[in-house]
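Trainee: Please put together the full structure from these sequences, using the hints given.
Each chain, written out:
Number of protein chains: 2
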Amino acid sequence: MNNLDQLACEFDVILKKYLPSKKSPEIIYESVFYSLFAGGKRIRPILLLQSCSLACGDLNFAQPLAAAIEMIHTYSLIHDDLPCMDNDDYRRGKLTNHKMFSYPVAVLAGDALLNMAYETIMNGYFGVKDKDSYMKAAFIIAKAAGIDGMIAGQTADITLEGAEPDKKAVDFIHKHKTSALIEASIHAGMLSGKLDDEQQLHLLEYASCIGMMFQIVDDILDVVGDEGVMGKDTGKDDNKMSYPRAYGLDESYAKVEYLKNKSIESLKIFGSKADFFKNLTLFLSERNK
Amino acid sequence: MNNLDQLACEFDVILKKYLPSKKSPEIIYESVFYSLFAGGKRIRPILLLQSCSLACGDLNFAQPLAAAIEMIHTYSLIHDDLPCMDNDDYRRGKLTNHKMFSYPVAVLAGDALLNMAYETIMNGYFGVKDKDSYMKAAFIIAKAAGIDGMIAGQTADITLEGAEPDKKAVDFIHKHKTSALIEASIHAGMLSGKLDDEQQLHLLEYASCIGMMFQIVDDILDVVGDEGVMGKDTGKDDNKMSYPRAYGLDESYAKVEYLKNKSIESLKIFGSKADFFKNLTLFLSERNK
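Chains as they are written, first to last, in our numbering: chain A, 2 to 290; chain B, 2 to 290.
FYI, nobody ran anything at the bench for these hints, they're computed from the structure.
Just so you know, not all the hints are guaranteed correct.
Put simply, identical chains are the same to the list, so a pair is met inside one copy or across any two.
[Unchecked claim] Listed next, the in silico DSSO-like pairs over lysine-lysine satisfying Cα-Cα at most 30 angstroms (straight line):
#1 Lys137 / Lys279
#2 Lys261 / Lys23
#3 Lys24 / Lys137
#4 Lys130 / Lys195
A quick note: this is a predicted structure, and the numbers were derived from the prediction, not measured.
Mentor: Here it is in structure tokens:
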């Protein structure tokens, strides 16, 4: 997708506005900045900003939330990679945070990023006009990241490691661990502007499809992907509650195809205004890393 | 202090209002509730609520913030106790979270509590009248908990373990790791009501004194305290940047005396209305656990 790198670059400029200046002890700032700028695709903040754009929303509303959601995503990766979790040495072709900075500093960097997300959200409150909608959007993000959302998914993922593959369990994990935050990105961005109820429902259906599709593609790549292209170890899910393990590879491909079509279908109401989202679906369904 | 247990009980009733219902996977809820109700003294939320009371403030403003600050404090204890940090097996006479629930679940329980604090704060927003002051108070708490506050202190504490005792370093650690959140409790509670500028300055001076005093007493107890009374191992700071190691035990006692007197002095402007804070100073300066 041609303009995704461009949008990621533009987001990086936004993100930098919300970062603290480096103070003492420097290692915690270096650790945080290292993971924030370790080559992430910026899918979640881009979705949030594009959703704002589709809703003709307020950029002062969407930008701090976009920065915050990338901080939340990054914290979750740092903690997921820890030795007591997935014990990963590399991510996106770079050393993981704890390999680079030590185990305790990585725990603290994750904590710092999660907290920073909410510092950013609260500071952003003072710059928006429609404060109640902003707080509603912020609350949606917080719920998605929390114990009933992403953390429930990660807990199930970790505690079910080694268990027999189970369709219900994998659906739960993917819905909570990955899809919740992706859906929240689109939902939060949408609230920055004015969409009618029908448009909102359609965009939320899109969000739900692409959130799940994203993780199933990830699971498939863990089976068939090329380590060199992906910049991380593959085959890590052999013991995990992954979609291919629970449903088989053929049904996983079929589900991606189904979600791809359904997500594109749900965008029809917006016409060509939603081309970004349509192209993103096509790009994400065909990605090889 | 007679009524501190009573205030802690009253706070527990408040706290329970803000907790999520237990869902699947149950282990993460159990882990969170275990540490939240593991016998904490509730000093921070009590300070926040008493500060609200002194300022004749709005309880709908103070209560969610009080719940949130105890969640933040509890998350910080869970992560501080982890094997990669202080590696503590017991806290308040009970097994630490990771000993009880496993290492990865303890990391996630800490994450869940930190996030839950902000879910609570955001949800509370919709129930207060003076929303801008509420968000100002919330932002003060978030800053105190974050990379420029508590996390900076914890990073310095961990990374300076084993280093030569250094007065400047120990001042930095105690100011950030412990005092910041205690000060924020009083500051946030104060903003729920109406105090004039002079009263605000005096109460903030009190907060600054008691925050530092609290940690120096903690350090002294690690040297002279009784393990049976304290419910945790003592002598854990032998390798840490503690006040007695940097300043000596005599000077530590003298500093506690100085901060005790200064904190009581700063309350004079309030007369008998501030008796709770005065008594708390006396209690905390003389505590043996």
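Trainee: Now look at each hint and say whether the structure bears it out.
Mentor: Do the hints match the structure? See the list:
1. Lys137 / Lys279: within (27 angstroms within a copy, 40 angstroms between copies)
2. Lys261 / Lys23: neither (43 angstroms within a copy, 34 angstroms between copies)
3. Lys24 / Lys137: between (33 angstroms within a copy, 23 angstroms between copies)
4. Lys130 / Lys195: So lysine 130 and lysine 195 pass the 30 angstroms test inside a copy (14 angstroms) and across (26 angstroms) alike.
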